[in-house]
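K.L.:
Now for the letters of each chain:
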Amino acid sequence: DVKVTQSSRYLVKRTGEKVFLECVQDMDHENMFWYRQDPGLGLRLIYFSYDVKMKEKGDIPEGYSVSREKKERFSLILESASTNQTSMYLCASSLLSTATEAFFGQGTRLTVV
Amino acid sequence: AQSVAQPEDQVNVAEGNPLTVKCTYSVSGNPYLFWYVQYPNRGLQFLLKYITGDNLVKGSYGFEAEFNKSQTSFHLKKPSALVSDSALYFCAVTNSGYSTLTFGKGTMLLVSP
Numbered sequence: 001d002v003k004v005t006q007s008s009r010y011l012v013k014r015t016g017e018k019v020f021l022e023c024v025q026d027m028d029h030e031n032m033f034w035y036r037q038d039p040g041l042g043l044r045l046i047y048f049s050y051d052v053k054m055k056e057k058g059d060i061p062e063g064y065s066v067s068r069e070k071k072e073r074f075s076l077i078l079e080s081a082s083t084n085q086t087s088m089y090l091c092a093s094s095l096l097s098t099a100t101e102a103f104f105g106q107g108t109r110l111t112v113v
Numbered sequence: 001a002q003s004v005a006q007p008e009d010q011v012n013v014a015e016g017n018p019l020t021v022k023c024t025y026s027v028s029g030n031p032y033l034f035w036y037v038q039y040p041n042r043g044l045q046f047l048l049k050y051i052t053g054d055n056l057v058k059g060s061y062g063f064e065a066e067f068n069k070s071q072t073s074f075h076l077k078k079p080s081a082l083v084s085d086s087a088l089y090f091c092a093v094t095n096s097g098y099s100t101l102t103f104g105k106g107t108m109l110l111v112s113p
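Listed in order, the protein sequences are those of chains Z and H.
Per this note's numbering, the first sequence starts with residue 1, numbered consecutively.
Per this note's numbering, the second sequence starts with residue 1, numbered consecutively.
Isolated chain Z, as found in the complex:
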C-alpha cells in the first residue's frame, strides 16, 4: 500500500514562529502536494512539486514556502506563523500522469496562538 506520512497529527505554535511540516511518501511518486483544508472552503492548493528541487505555486502560496531536497520528502514552511494559518494541512503524492489518483497523508491540525 502507498503510504504518505505527515510528521505530526497536531501542532500548537505561537504567532511569529517558523513552522515546519514534514511529509514523506514511500511509493517513488514524482508529484507531491500541500493543501490546506478549512470548513466551507474545501481543499486549497498551497504548493506542489513534480521533481526534486522543483516547486510550483498553487492557489494560496502567500505566507508559505516549500522544500524538496529528496524525491520522497516534501516540507511545508510557515515563515512567520499567523493566527489565520490555523488549519488542517494535508500532504499528497501521485504519479506524474494526471490520470492517476493522489494519495493523502492523515493530516496535520495546526493551531497558531
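No lab work stands behind these hints, which were simulated from the structure alone.
One or more of the hints may lead you astray.
[What the hints assert, rightly or not] Below are the DSS-like pairs computed for lysine-lysine, each with C-alpha atoms no more than 30 Å apart in a straight line:
{"#": "1", "chain 1": "Z", "residue 1": "K55", "chain 2": "Z", "residue 2": "K13"}
{"#": "2", "chain 1": "Z", "residue 1": "K18", "chain 2": "H", "residue 2": "K105"}
{"#": "3", "chain 1": "Z", "residue 1": "K53", "chain 2": "Z", "residue 2": "K71"}
{"#": "4", "chain 1": "H", "residue 1": "K69", "chain 2": "Z", "residue 2": "K3"}
{"#": "5", "chain 1": "Z", "residue 1": "K57", "chain 2": "H", "residue 2": "K49"}
{"#": "6", "chain 1": "H", "residue 1": "K77", "chain 2": "H", "residue 2": "K49"}
{"#": "7", "chain 1": "Z", "residue 1": "K13", "chain 2": "Z", "residue 2": "K3"}
{"#": "8", "chain 1": "Z", "residue 1": "K3", "chain 2": "Z", "residue 2": "K71"}
{"#": "9", "chain 1": "Z", "residue 1": "K55", "chain 2": "Z", "residue 2": "K71"}
{"#": "10", "chain 1": "Z", "residue 1": "K13", "chain 2": "H", "residue 2": "K58"}
{"#": "11", "chain 1": "H", "residue 1": "K77", "chain 2": "H", "residue 2": "K105"}
{"#": "12", "chain 1": "Z", "residue 1": "K53", "chain 2": "Z", "residue 2": "K70"}
{"#": "13", "chain 1": "H", "residue 1": "K69", "chain 2": "H", "residue 2": "K58"}
{"#": "14", "chain 1": "H", "residue 1": "K77", "chain 2": "H", "residue 2": "K22"}
{"#": "15", "chain 1": "Z", "residue 1": "K71", "chain 2": "Z", "residue 2": "K18"}
{"#": "16", "chain 1": "H", "residue 1": "K49", "chain 2": "H", "residue 2": "K22"}
{"#": "17", "chain 1": "Z", "residue 1": "K53", "chain 2": "Z", "residue 2": "K3"}
{"#": "18", "chain 1": "Z", "residue 1": "K70", "chain 2": "Z", "residue 2": "K18"}
{"#": "19", "chain 1": "Z", "residue 1": "K70", "chain 2": "Z", "residue 2": "K57"}
{"#": "20", "chain 1": "Z", "residue 1": "K3", "chain 2": "Z", "residue 2": "K57"}
{"#": "21", "chain 1": "Z", "residue 1": "K57", "chain 2": "Z", "residue 2": "K18"}
{"#": "22", "chain 1": "H", "residue 1": "K58", "chain 2": "H", "residue 2": "K105"}
{"#": "23", "chain 1": "H", "residue 1": "K105", "chain 2": "Z", "residue 2": "K3"}
{"#": "24", "chain 1": "H", "residue 1": "K49", "chain 2": "Z", "residue 2": "K3"}
{"#": "25", "chain 1": "H", "residue 1": "K49", "chain 2": "Z", "residue 2": "K55"}
{"#": "26", "chain 1": "H", "residue 1": "K105", "chain 2": "Z", "residue 2": "K55"}
{"#": "27", "chain 1": "Z", "residue 1": "K71", "chain 2": "Z", "residue 2": "K13"}
{"#": "28", "chain 1": "Z", "residue 1": "K55", "chain 2": "Z", "residue 2": "K18"}
{"#": "29", "chain 1": "Z", "residue 1": "K3", "chain 2": "Z", "residue 2": "K18"}
{"#": "30", "chain 1": "Z", "residue 1": "K57", "chain 2": "H", "residue 2": "K105"}
{"#": "31", "chain 1": "Z", "residue 1": "K18", "chain 2": "Z", "residue 2": "K53"}
{"#": "32", "chain 1": "H", "residue 1": "K58", "chain 2": "Z", "residue 2": "K3"}
{"#": "33", "chain 1": "Z", "residue 1": "K71", "chain 2": "H", "residue 2": "K49"}
Position chain H against the provided structure of chain Z, taking the given hints into account.
P.N.:
Using the frame of chain Z, we list chain H on its own:
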C-alpha cells in the same frame, strides 16, 4: 480555469435507501474526474475516477458515479446507504494539461439508522 461545484453542503439519507451526492465541473478539454472520502480527523481516501470509456464508473465500498458530458456532471451514487458511509465527500477535476486537482468544497453525507 477549472472548477468544481458541490451544490449541497449536507445530504441526509436513511440507511438502506439510495444516495446521491452531486458534482458539476468546468474544465477545458477532456475532464479527469475523481471522488474522495474523508472520515473524521483523517486524510482523504480515493473512491473512484473517470478518465475515459464507460460513463458509469464503479469504485470502492459499493460506490459508483455517472459521467454526463452534456450536463458536465459526475454524481456519486450508492444503491443502499450504510451508517458507516457517513463522511465528507469531495469531487475533484483536472485534465491532461494540468498536474493538479481542483476540489469542490465537500458534501457531508449523514446516514441515519
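K.L.:
Holds or violated: are the alpha carbons of K69(H) and K3(Z) at most 30 Å from each other?
P.N.:
Given pair K69(H), K3(Z) is violated - Cα atoms ~34 Å apart, limit 30 Å.
K.L.:
Does the structure keep K49(H) and K22(H) at a Cα separation of 30 Å or less?
P.N.:
Holds, at roughly 15 Å.
K.L.:
For the pair supplied as a hint, K55(Z) and K71(Z), is the alpha-carbon distance within the 30 Å limit?
P.N.:
The given pair, whose Cα atoms are some 12 Å apart, holds under the 30 Å limit.
K.L.:
Can the restraint linking K13(Z) and K3(Z) be considered satisfied, given a maximum Cα separation of 30 Å?
P.N.:
With Cα atoms ~27 Å apart, K13(Z) and K3(Z) stay inside 30 Å; holds.
K.L.:
Regarding the pair K18(Z) and K53(Z), is the alpha-carbon distance no greater than 30 Å?
P.N.:
Given pair K18(Z), K53(Z) holds - Cα atoms ~21 Å apart, limit 30 Å.
K.L.:
Mind checking the alpha carbons of K53(Z) and K70(Z) for me, to see if they're no more than 30 Å apart?
P.N.:
8 Å, holds
K.L.:
Mind checking the alpha carbons of K3(Z) and K71(Z) for me, to see if they're no more than 30 Å apart?
P.N.:
Status holds; Cα separation ~14 Å.
K.L.:
Are K58(H) and K3(Z) close enough, with their CA atoms no more than 30 Å apart?
P.N.:
23 Å, holds
K.L.:
Taken at face value, is the distance from the CA of K71(Z) to the CA of K53(Z) at most 30 Å?
P.N.:
The given pair, whose Cα atoms are some 9 Å apart, holds under the 30 Å limit.
K.L.:
Are the Cα positions of K53(Z) and K3(Z) separated by 30 Å at most?
P.N.:
22 Å, holds
K.L.:
For the pair supplied as a hint, K3(Z) and K57(Z), confirm whether the alpha-carbon distance does not exceed 30 Å.
P.N.:
24 Å, holds
K.L.:
Verify the proposed pairing of K70(Z) with K18(Z), using a straight-line Cα cut of 30 Å.
P.N.:
Holds, because 21 Å separates the two Cα atoms, which is no more than 30 Å.
Hints 4 and 10, counting from the list given before, are not met by this structure.
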